[in-house]
Amino acid sequence: MSWARERAAVAGENKSALLDIGRGRGSGILAAVRHYLWLMIFLAAAAGLADQPAFAGQASAQQPPPAAAPPSPMIVLDPAHGGIDTGARGENGIVEKDIVLAIARTLRAELERQGFRVVLTREADTDPSYDDRAAAANAYRYAILISLHIASTGKPGTVRAYYEQFSTPLPPPASPAASPAAAQARSATPPPASLLPWHEAQQPSVAASRHLAEILQLELARSFAGSPAQPTGAAVRELRSVAGPAVAVEISSVSVSNAEMLTGMAAPLALAIGRSVDAYRAGSVAVPKS
Amino acid sequence: MTRTFMVALVILAAAVVIGLISLRGLRRHMQRMAVPQFAEEQARREVLAPPISTASDVPTKAEIFWAAGPDTLAPVEMELPLSADPAVRSKQLIEALVSRPPTIGQRTLPPGVVLLGFYVLSDGTAIADFSDTLASNMPSGILSESLAVNSIARTLASNVPSLRRLKILIHGQEAETLAGHVDLTGFFDLNPAPPASAPAAVATPPEIPAPHPVPAAH
Numbered sequence: 001m002s003w004a005r006e007r008a009a010v011a012g013e014n015k016s017a018l019l020d021i022g023r024g025r026g027s028g029i030l031a032a033v034r035h036y037l038w039l040m041i042f043l044a045a046a047a048g049l050a051d052q053p054a055f056a057g058q059a060s061a062q063q064p065p066p067a068a069a070p071p072s073p074m075i076v077l078d079p080a081h082g083g084i085d086t087g088a089r090g091e092n093g094i095v096e097k098d099i100v101l102a103i104a105r106t107l108r109a110e111l112e113r114q115g116f117r118v119v120l121t122r123e124a125d126t127d128p129s130y131d132d133r134a135a136a137a138n139a140y141r142y143a144i145l146i147s148l149h150i151a152s153t154g155k156p157g158t159v160r161a162y163y164e165q166f167s168t169p170l171p172p173p174a175s176p177a178a179s180p181a182a183a184q185a186r187s188a189t190p191p192p193a194s195l196l197p198w199h200e201a202q203q204p205s206v207a208a209s210r211h212l213a214e215i216l217q218l219e220l221a222r223s224f225a226g227s228p229a230q231p232t233g234a235a236v237r238e239l240r241s242v243a244g245p246a247v248a249v250e251i252s253s254v255s256v257s258n259a260e261m262l263t264g265m266a267a268p269l270a271l272a273i274g275r276s277v278d279a280y281r282a283g284s285v286a287v288p289k290s
Numbered sequence: 291m292t293r294t295f296m297v298a299l300v301i302l303a304a305a306v307v308i309g310l311i312s313l314r315g316l317r318r319h320m321q322r323m324a325v326p327q328f329a330e331e332q333a334r335r336e337v338l339a340p341p342i343s344t345a346s347d348v349p350t351k352a353e354i355f356w357a358a359g360p361d362t363l364a365p366v367e368m369e370l371p372l373s374a375d376p377a378v379r380s381k382q383l384i385e386a387l388v389s390r391p392p393t394i395g396q397r398t399l400p401p402g403v404v405l406l407g408f409y410v411l412s413d414g415t416a417i418a419d420f421s422d423t424l425a426s427n428m429p430s431g432i433l434s435e436s437l438a439v440n441s442i443a444r445t446l447a448s449n450v451p452s453l454r455r456l457k458i459l460i461h462g463q464e465a466e467t468l469a470g471h472v473d474l475t476g477f478f479d480l481n482p483a484p485p486a487s488a489p490a491a492v493a494t495p496p497e498i499p500a501p502h503p504v505p506a507a508h
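Going line by line, the protein sequences match chains E and L. Counting along the first sequence from 1, when you hit position 96 you're at 96 in our numbering, and nothing is skipped either side. Counting along the second sequence from 1, when you hit position 6 you're at 296 in our numbering, and nothing is skipped either side.
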């Protein structure tokens, strides 16, 4: 019995000692489990944010990857003129630079409400250079520039979309160097690295800009009665150096009796632009700038 | 005291008379100062521009492109005495475009525009030098400026087949834009395809008007 008591006493001591040890180990294990769970949650969140490219790579070995959705472009709104450059002036005191800025601010609010990202090339009565305006769009990997204008002429209440159009370059003059041998030598020479001259940066994007202008002009014709159904190619200075889709939108005109007639067109214009950009994205494969 | 007062009064009266005379002369002088800009251009035009009518002129049916609505152009056929020389012929056509619109509503260029010079290079490039009035009196806007440039280019393309592209200068200088919108730093297409062994100038205009002129990159 004494042995039994002693054993029980020893066992009780050991048990209590084990319990003490277990209590200390148990808190360590719990802490480790807790840290492990946090780590797993963190890794899962990180993988979700990164779109799990590694898993997509594994899937691609099994089947072709699904078509990537076009990225959401940055819409760069360009209120034309500003500062000492007033633009068109109406007999009733309407000044183009002020109206386009007011319209651009409304467009930004409306387009952001539709879920687009929007920036303006000018926020106040300043006059950025043409190159600064183009640079504002070129700074983004995928941007669409929309230059806003008010015309002096045209039926009031109508809106026109324009895309840049370059002229046909003249062929080089015929010379002795144009012999077949010289031509063969030229063709054997690899072309130089394709650098894009700033003053004709729009050149590779003319087709994309025209496509966007066609979609936009159809929307404008639906929203503003009397507007043409087709856009116009023109030599618009603001568009020439933009290295991506770029269109000009011109509202007629400064001849209206009060400015509200023009600023009131901003909301339907925002809807037309939003729908056009969505349709353009849906029907085009975005080619990010290299 | 009275004598001094009288002398002062006389001097004052003389000063007023002199002032009135000077004021009249000053006004005349200011009026003369207001003219020189126009007079200078007029003199430049007279010196540089030979008479537009020449001995070789032949009555020809020409197509002049005027406005046919708020945003369209349409050719109007009219008989003009036109030279066989491309540069002279182009001057005659632009002169008609500026000064002979059928109605005010069909006008595409501001009144008072003067063609200061017109040159044709060997590669078919035409250079038209207009007075400041083309830019300063042009209604600002892509629509109005495009119509103006297109009316010039399509009139030339339709009636002077040897011209291949057009460069527009303002008072002898390259301008960045016409009136804030349309780019003038490049060229505008006239008849971009090389003429197939065509003579320098043809008396009869082509049947199909040229496509829209567009500017070229440098």
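Any given hint could turn out to be false.
Claimed, not checked - Only part of the chain L face toward chain E is listed, based on derived beta-carbon distances under 10 Å:
#1 D361
#2 M368
#3 M428
#4 P429
#5 E466
Since the hints were made in silico from the structure, they are not lab data. Backbone N, C-alpha and C define an ideal beta-carbon position, used for all residues, glycine too.
Each hint, compared with the structure:
no. : hint : verdict
1   : D361 : holds (6 Å)
2   : M368 : violated (24 Å)
3   : M428 : holds (9 Å)
4   : P429 : holds (4 Å)
5   : E466 : holds (7 Å)
When each numbered hint is compared with the structure, a violation occurs for hint 2 only.
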